[in-house]
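**Student:** In order, the protein sequence lines correspond to chains B and V.
Per my numbering, residue 1 is the first one in the first sequence, and the count goes up by one each step.
Per my numbering, residue 1 is the first one in the second sequence, and the count goes up by one each step.
The set of hints was computed from the structure by calculation and includes no laboratory data.
Just so it is clear, CB atoms sit at the ideal spot from N, CA and C, and this is done for glycine as well.
One should not assume that every hint holds.
[Stated by the list, open to error] Covered by chain V, per the in silico footprint, the following chain B stretches (three or more residues, Cβ under 8 Å):
1. 54-60
2. 81-88
3. 143-151
[What the hints assert, rightly or not] So the derived label-pair ranges between C-beta atoms look like this:
4. K154/B - T151/V: 24 to 32 Å
5. V47/B - D37/V: 36 to 44 Å
6. R78/B - S154/V: 54 to 62 Å
7. H30/V - E100/B: 36 to 44 Å
8. A231/V - E45/B: 31 to 39 Å
9. S83/B - G91/V: 48 to 56 Å
10. L61/V - K154/B: 49 to 57 Å
11. E238/V - A6/B: 47 to 55 Å
12. A6/B - A183/V: 50 to 58 Å
13. V27/B - Q240/V: 37 to 45 Å
14. M65/B - P32/V: 36 to 44 Å
15. A217/V - V47/B: 51 to 59 Å
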Amino acid sequence: MMALEAKPTCDDVWRWLEDVPDPEIPVVSVVDLGIVRAVEWLGDELVVTVTPTYSGCPATAVISMEVEEALRRKNLDRVRVESRLSPAWTTAWITDEAREKLKAYGIAPPVDGVGCAGALKAQGPVVCPRCGAAATERVSAFGSTPCKAHYRCKECLEPFDYFKTF
Amino acid sequence: MSADPIIEFALRMGDNTLVLGQRVCAWCGHAPVLEEDIAFANIALDLIGQTRMWLGLAGELEGKGRTADDLAYWRNDGAFRNCLLTEQPNGDFGHTLMRQYLFDAWHYPMLTALTQSSDPRIAEIAAKSVKEVAYHLDRSRDLVIRLGDGTPVSHDRMQTALDALWRFSGELTTADEIDDVLAASGVAPALADIEAQYREETAGVFRAATLTVLDDAMMQTGGKTGFHSEALGPLLAEMQFLHRSHPGATW
Numbered sequence: 001m002m003a004l005e006a007k008p009t010c011d012d013v014w015r016w017l018e019d020v021p022d023p024e025i026p027v028v029s030v031v032d033l034g035i036v037r038a039v040e041w042l043g044d045e046l047v048v049t050v051t052p053t054y055s056g057c058p059a060t061a062v063i064s065m066e067v068e069e070a071l072r073r074k075n076l077d078r079v080r081v082e083s084r085l086s087p088a089w090t091t092a093w094i095t096d097e098a099r100e101k102l103k104a105y106g107i108a109p110p111v112d113g114v115g116c117a118g119a120l121k122a123q124g125p126v127v128c129p130r131c132g133a134a135a136t137e138r139v140s141a142f143g144s145t146p147c148k149a150h151y152r153c154k155e156c157l158e159p160f161d162y163f164k165t166f
Numbered sequence: 001m002s003a004d005p006i007i008e009f010a011l012r013m014g015d016n017t018l019v020l021g022q023r024v025c026a027w028c029g030h031a032p033v034l035e036e037d038i039a040f041a042n043i044a045l046d047l048i049g050q051t052r053m054w055l056g057l058a059g060e061l062e063g064k065g066r067t068a069d070d071l072a073y074w075r076n077d078g079a080f081r082n083c084l085l086t087e088q089p090n091g092d093f094g095h096t097l098m099r100q101y102l103f104d105a106w107h108y109p110m111l112t113a114l115t116q117s118s119d120p121r122i123a124e125i126a127a128k129s130v131k132e133v134a135y136h137l138d139r140s141r142d143l144v145i146r147l148g149d150g151t152p153v154s155h156d157r158m159q160t161a162l163d164a165l166w167r168f169s170g171e172l173t174t175a176d177e178i179d180d181v182l183a184a185s186g187v188a189p190a191l192a193d194i195e196a197q198y199r200e201e202t203a204g205v206f207r208a209a210t211l212t213v214l215d216d217a218m219m220q221t222g223g224k225t226g227f228h229s230e231a232l233g234p235l236l237a238e239m240q241f242l243h244r245s246h247p248g249a250t251w
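So here's chain B without its partners, still in its complex pose:
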C-alpha cells in the first residue's frame, strides 16, 4: 500500500519533464518542443516515449539520457526511455508558450500554416525576434542546428536564427 501511494502519477512525471531543457536550446523544455510523446506505467516500470526531431540530430541521445536522469533524481529507479518514429515529429507540436520563449531568446519561431514537404519557403513573414520588423530575408535554409535556418533582418540588419517549419 505504501508503495502504491509513493508511485507518482503520470501528470507528476509530465510536470517534472517540463524542467528538462532541450540540450541545444535550453530556454525550452523537451515537453515544450513536443519531443516527449507519452508517459505510462507498465506495472512498476515507467515508460517514457520520445521522438527524434531530425533523424541525425545529435541532441536525440542526450535527450533520452537527460529524461532518464531527471526521473532518477525523483527516485524513480525503473525508467525506460523508448524512441518512436511515427508519427514523425513536426514543429506544429511546439507549444505557444515555447514559441514566446524562443522569440525572447532571439530565435524566430516557426511560421504557422507553412507546409513541410514541398512548400518550403515561408509563406507568412518571418518576423525579426530582435526588432519585430517583418522585412527579413533568408540567407540559408540551413543554420547552426538541423532545426534552424539562417535569416537576416533588413531593418536592424542583425542576423538571426529561424526555427524552420518541419
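Given the coordinates of chain B, work out where chain V should sit on it, guided by the hints.
**Tutor:** Here is chain V on its own, set in the frame of chain B:
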C-alpha cells in the same frame, strides 16, 4: 533470387545515404562560403541519421544481431548496395552540388511514394526522412539553377559536372528483379513512375539552368548489386579504418 528483397531494399536505401553522407561530410570546413559549409554539414547529418534507420531495419530483419554500425563498418565494398552516383568523388563545389541534385531529385519522389508503402516500418522511415529531403532538394535545385544560369565560369563548371555525372543517374530508376518484386507487393513504388517524375523535374531545372543533358549517354549500373566503381574502396577505407582498428570501442 537468394536475398530477402526487403532486406536488400533497406540496404540499398541505407547505403545510398551512408555513402553520400560520407562524401558530403568531407566538405566540412572547406566549402567556398560559410553558409554552404553549414548546409552541407547539416545535409550530411540528415543522411547519416537516415542511414541509421535504414541499416537498423536491415539488421533487425536479418536477425543475426548486426547493428547499423556493424553493417556500416564491417562490410566490404562488394556487399554495399548504393547506386554508383553516390560514391562518385566530390570534385569541385559544382560537381558535388550536381551529384546532390541528381540524387535529391530522385530521393524526394522515392521517399514520398514510400510513405505509402505496404510495409509500415518502411513507411515510417520514409515519412521521417522525406521532410528533411524536401529541404535538401529545395537547396540543390536552387543552386544548380543559379550557378548554371550564372557567370560563364560557373555555367561551364556545372555543365562539366552534368556531363560527367548524368550517366550515373539512370541507375536510380532502373528496376531489377528485387524492385519488381517489391513493386508488385506494394512495398516500394514502380521505378518507372519515379523515372517519369525524375525526367520531368530534371528537364525543367536544366532548362532553367541553361544546361544541356547528353541524351545519348550510356547509363552506368552495378552499384545496386555490389559492382562498384573504383571510387568506393578508398571511401570505405577512410570511413571504416578507425572502427576496425578498435573493434567494439564506444564512448
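**Student:** Compare the structure with the hints numbered earlier in the document and write down the numbers of the violated ones, lowest to highest.
**Tutor:** 8, 9
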